[in-house]
Amino acid sequence: MAWRVVARQELRDLWLAGRGLPLMLAFTVLLSATTYLTATNQSLNFLEQHEAVSLTLQVAVAVGALLALLVAADAFSGERERGTLESLLLSPARRSELALGKLLAALSTWLAAFALACPYLWVLGHGVGATADAVVVGAVVGTVIAVALTGLGTVVSALARSNRLSLSVCLLVLLALFAPTQFPTGAKEGWFGELLQRVNPITAGNHYIGNVLVDGHGWSRDAAWLLSPLAAAVLFAFLAVAAAPRFLTLRGSGPG
Amino acid sequence: MTRLLACTVTIAVLAASPASASVDLTISRSHVATQLGDTFAFATTIANTGHTPVSGLVAHLNVVSLTAGVYVDPEDWSSERTQYVDPIRPGGAATQRWKVKAVNGGDFAVYVVALPGRGGVAAGRPLAVSPPLAVHATEHRTLDTAGALPVVLLVPALLAVLWLWLTMRRRRLGLSRA
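The listed protein sequences correspond, in order, to chains Y and U. The first sequence begins at 1 in the working numbering and counts up one residue at a time. The second sequence begins at 1 in the working numbering and counts up one residue at a time.
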């Protein structure tokens, strides 16, 4: 069970000595600003309250998953750059166990972010009875998306030659995935627009959150929208733990 | 001969008559009292009261605030505000169902317009309009600054204190940053 040792060490480095807490502090400042504006600012207050809960939850999922991705993108390339990867590879732990431990530690960033988002969801949603739905749908959709993104980050980090390259690639992919959320409504209509939304795990997850929280749809009615986030989570978690560690070298395989 | 002429004139007038002249719009409800954020539904029926089939009609929903200074974005009230109506035979009718969500509080009027289609619009034919649906939406706000402030301030403050405490503890113990 070497992965447990790796995960414990990574968690200690992340939360007691690393950037876990500062990242969470920035995250809560962002959520505080969103919640305060939603509650008080006249220009945002025309939002119906269910929409305010949905908006805040989508921000929490997006930024929480982004933080998990950033931590995962540093998993191996960071060790490589700090010169500690060699000793890690010489340890008796198998490479897949190293990857699993690091992936779980990175995933803890999302779990912490989501736990911190719950009080905000309660403030916005308790008046209209939307808190429980928001917490459950956020936990399900957010965790699935976070698993997919941490898996992606771990894979890229195992292959990238430098930390800078790993972070750049991960952020580029994330931006590409988030770009369709800014498309005008018309571009999301029609069979091709809907297909793009369904295939993209981020837009599909956001769509599901909106359908449950804003439109009041049942949990099972739009469950098909969760297929692409689930598929991405399974695929990237598998690649991160089983495939990418086989290509893990001291120098990495990408440019940079 | 006079009868034949009168008949010809009648046919010509009917053929050239605007679609709106032979179309009657009715609405299933006249009043709705609802709460901000709630969704309500209603139906409109377009009846062809003329003697010729009517085709190409476009039904369009609109929302207007009856209070000055209240901004209304109809897109927020209903995502599907336009319906293309199938041809209606003489004496027939077509029903459209609408779902609307009250996103503002106050008094509003919701109405549906039947446009005469591409050719009719180009020819400048008048529109047929339904009676208005009077909507009274009660504001149901549970959000306010006082309720949000404790969480908005406390959560980051507690995290900042925890972070500072950990940093100072590590410095006191002489541990370097990992």
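Calculated from the structure, these hints are not laboratory results. Note that the structure is predicted; figures quoted are calculated from it, not measured. Heads up, the beta-carbon is just placed ideally off N, CA and C, and yes, glycines get one too. Don't take every hint at face value.
[Claimed, not checked] Computed from the model, here is a short list of chain Y residues facing chain U with C-beta under 10 Å:
#1 T28
#2 Q49
#3 E51
#4 D215
#5 W219
[Stated by the list, open to error] Here's a subset of chain U near chain Y, in silico, CB distances under 10 Å, partners left out:
#6 H31
#7 V32
#8 L127
#9 G147
#10 A148
#11 V152
#12 L162
#13 W163
#14 M168
[As the list claims (entries may be wrong)] Counterexamples of contact, computed for chain U against chain Y with all Cβ distances above 10 Å:
#15 G37
#16 P156
#17 G174
Here is how each hint holds up against the structure:
1. Because the beta carbon of T28/Y sits about 4 Å from the nearest beta carbon in chain U, less than 10 Å, this interface hint is met.
2. Interface hint at Q49/Y: satisfied, since its Cβ lies 6 Å from the closest Cβ of chain U, which is below the 10 Å cut-off.
3. Checking E51/Y against chain U by beta carbon gives a least distance of about 8 Å; that is within 10 Å, so the hint holds.
4. Annotation: interface hint on D215/Y holds; nearest CB of chain U at approximately 9 Å, less than 10 Å.
5. For W219/Y, the interface hint is violated, the least distance from its beta-carbon to any beta-carbon of chain U being 19 Å, above 10 Å.
6. For H31/U, the interface hint is violated, the least distance from its beta-carbon to any beta-carbon of chain Y being 22 Å, above 10 Å.
7. Using the Cβ-Cβ criterion of 10 Å, the hint placing V32/U at the interface with chain Y is not satisfied: the shortest such distance is roughly 16 Å.
8. Checking L127/U against chain Y by beta carbon gives a least distance of about 24 Å; that is not within 10 Å, so the hint is violated.
9. About 6 Å separates the beta-carbon of G147/U from the nearest beta-carbon of chain Y, less than 10 Å, and the hint is met.
10. Proximity of A148/U to chain Y holds as hinted, the smallest CB-CB distance being about 4 Å (cut-off 10 Å).
11. Taking 10 Å as the C-beta contact cut-off toward chain Y, the hint placing V152/U at the interface holds, the least distance being around 4 Å.
12. With a cut of 10 Å, the hint placing L162/U at the interface with chain Y holds, because the nearest CB-to-CB distance is about 6 Å.
13. With its C-beta approaching chain Y no nearer than about 4 Å, W163/U sits inside the 10 Å limit, and its interface hint holds.
14. The restraint placing M168/U at the interface with chain Y is violated, with a minimum CB-CB distance near 13 Å, outside the 10 Å limit.
15. A cut-off of 10 Å between C-beta atoms contradicts the statement that G37/U is not in contact with chain Y; the least separation is 4 Å.
16. Separation of P156/U from chain Y is inadequate, the least Cβ-Cβ distance of about 4 Å not exceeding the 10 Å criterion.
17. Look at G174/U: its CB is around 13 Å from the nearest CB on chain Y, clear of 10 Å, so calling it non-interface holds up.
Hints 5, 6, 7, 8, 14, 15, 16 from the list above are not met by this structure, while the remaining hints are.
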